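K.L.:
Protein chains in written order, with the numbering used here: chain W, 1 to 263; chain B, 1 to 273; chain H, 1 to 281.
No lab work stands behind these hints, which were simulated from the structure alone.
Quick caveat, the model's predicted, so the values are computed rather than measured.
We put the beta carbon where it would ideally sit given N, CA and C, even for glycine.
Treat each hint with caution, since some may be false.
[What the hints assert, rightly or not] For the chain W half of the interface with chain B, some residues (derived, Cβ under 10 angstroms), not all of them:
no.: 1; residue: E158
no.: 2; residue: Q166
no.: 3; residue: E172
no.: 4; residue: L192
no.: 5; residue: T219
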Amino acid sequence: MSMFDGFKFRSVFSPIHKMDPRAKFFYVCVLFAVTVMFNQLIPLFILFLIQIPFVVIASVEREWLRSMKGSALFAIIIFVMNLLSLHFYGGYPSFAAILERSLTMTVRFIVLVESFSVFFLTTSPDMLGLALEQSRVPYELCFAFTTAVRFVPVLADEAQTIMDAQKARGLELEGGNFIKRIKNYIPILIPLIVNAIRRSLELAETMESRAWGANKKRTNLYVLKARRKDYCLILISILILVVSIYISTYVRIPSLIEFLPAQ
Amino acid sequence: MIKVEDLYFTYPNGVEALRGVSLEIKNGEFVAIMGQNGAGKTTLVKHINGLLRPTMGRVLVDDVDTTKVSVATLARKVGFVFQNADHQLFCETVEEEISFALRNFGYEQKTVNERVDWALNLLDLTEYRKVSPFMLSGGERKRVALASVLAWDPKIVILDEPTIGQDSQQKERLRQFITQLNRQAKTVIIVTHDIEFVAECQPRVVLMAGGEIVGKGEAKNILTDRELVKEASVVLPEIARVFLGLEDLGFPRDVIDVYEAGRILLGRFGGSS
Amino acid sequence: MQIVEAQSLTYTYPIGTKPAFEDVTIEIEKGEFVLLTGPSGCGKTTLCRCLNGLIPHFYLGKLEGKITVAGLEVAERPIHELAQHVGLVFQNPENQLFALSVEKDVAFGLENLGVQREEIRERVDWALKTTGIYDLKDRAPYELSGGQQQRVAIASVLAMQPEIIVLDEPTSFLDPVGARQIFEVINGLNKNLGITIVLVEHRLDLTTKYANRVIVMEKGRIVLDGNPRKVFSSEEAWLIGVGLPKATRLYQLLKERGVRLKHVPLSAEEVCAAVTEVLTA
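From just these sequences and the hints, can you work out the full model?
P.N.:
Have a look at this one:
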């Protein structure tokens, strides 16, 4: 199972799953803004901890851990790169300061991954598409989005079948130098693309046959209704935003180094 | 000679597709693997050319364990024609398409040219040599895919659902073609749920259900066995249903071919009309 | 009432050098179950697409002659208007489902038409129940079998309550058991709801018993049109190479040798009945 599984929707009946995606998205955006606002380790770490209850309530611990594990590699890269660049160019007073700064950047990244992961794990593509529609995004785009999501597993299967078919004609996909490897993927890509085009033609026929474009005003079987829980979340988000703006502007946040014994 | 010994296979997503399958296919045989969609037919044949490796048990092709060699090596002996020709076609001309596998196997240019000529001729595609496969009709594309697999003259030919979307004339041509391949001592294995086609060709039938083989034998015996047919969720051939209804009048039960049926009925009518 | 009226209809694809079909003249009455068959390339698939306006509006090309469906002249009306009277079900079930749940797919056409939510709900539930897939309504298309997917496609078309439904080889990708289920559903729509059916098929042994009329095309022209028993027992049908039901072929074999069964059988059961009758007489 890959890192991407940490972002794939998991169908579970949790209170968070049922919440309006627009409210959840607002929360994620606020979190994004707040994360960027702070350059100190302590508030970022607090933000990291705030999310955990959400993960637990949504019962998506396993998948969430997977996204964390998957992003570990990137986190390490960010940490090391920061460490190196600050050491050579930063002009920071001490090694401890460099360490703290690198850690801060890393935690910021992790908090972002964390919040987006929870969002995607608890929001079905359906709901996302619906949220887009109701947010006045043009219907064609919403349709393109949900259709794309619907066909991802189909195309993945087809890619596998095509690979099998070409392997059965003696195509070797492993081995050989870099250029040869790329060339070897042409017999896979071309059928994939041609079939995708054929498929979209058939889809278009079906859409036309079901009165696509009949009415400028489309109606909808489902409708998203924001409820108390969702307004609560929005309120909390606004609160977090306001408090964060206040703190980052007026309050001096100590850096961790100050807690170390005198050098 | 293909030997499948107590084969078990489970897909990565946890689905147990094959449960203890054992089978022997001799050189030059014509075998039909039948059953409902999901019975494990395609999973089984994909082990013969190494596309899938056994979870337990083993598969031997001419005494070579399929897990010990690569798919490309096995492919020299085992030609596999996939259900959808469009999963294979990618070249600019039919000629290039047919030479693709030959080049992969390292044949020299002279041999490639000879074999391409041969394959084009075999499948009536010579007039389309320089045509793009994407410009051809569905039936023609299927023939190109078939030609590109037969080009390297594999001993064993596997056809996955070759009759889907074909009209009866195309099926008749396919039937004759398979007979031709058998005459050339090739082993032909088809995976199909087309009962009527099998009733016309009368291959040896291997009937599968739920990942297991539930029946093996002559087409006329397997396809007229009512309990077996029910267990595998397939249907009786039309002619078998005729004789099912005529049981009480003393007619034989194991008839699936329409011409044989005609002869038998005429025999009876001759006596009473 | 004629639900389909075509006169001297000829159509050539934009990149075609010769017509896909020519001089097609047919009349289909409301409530008929028409089986349309013929060898590959005979023009039957193209003719289907003429019935709901995909030809000429989507495929362009040259359409000569006149065709009216449900009182609307196809060349003059947009596809979305015709789609409310003519439903079209295609060969590949996978490419007819694009929503993430069965319900949403079935509702798609109605949403396009701007129908009110309560009515969409009612019609969707009705269509799902009529095709026997109500319990699948929350499932994703990827999880369904081919037969189930095809029933969703039929339900999606049914929800728009068309007067005529055209199906182009709907069971090509299904196994015989799945195919039978689909034919049962289609037959139900015809016999219970009075919907006119035009079914394009090669699998004549499974479908003949439902149809009251067979049209055979060859090389772009209609060559046979009539009662299934007459059409299939004719010499011509055999020569064209149409996949006759084996029961009918048996009838022909017996007839060639002077044994004539009372009626032309279309199914195994009918052969049994006829043979039994003769032998116990």
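K.L.:
Hint by hint, note whether the structure agrees.
P.N.:
Results for each hint:
{"no.": "1", "hint": "E158", "verdict": "holds (7 angstroms)"}
{"no.": "2", "hint": "Q166", "verdict": "holds (7 angstroms)"}
{"no.": "3", "hint": "E172", "verdict": "holds (6 angstroms)"}
{"no.": "4", "hint": "L192", "verdict": "holds (9 angstroms)"}
{"no.": "5", "hint": "T219", "verdict": "violated (37 angstroms)"}
Comparing the model with each numbered hint stated earlier shows that hint 5 is the single one that does not hold.
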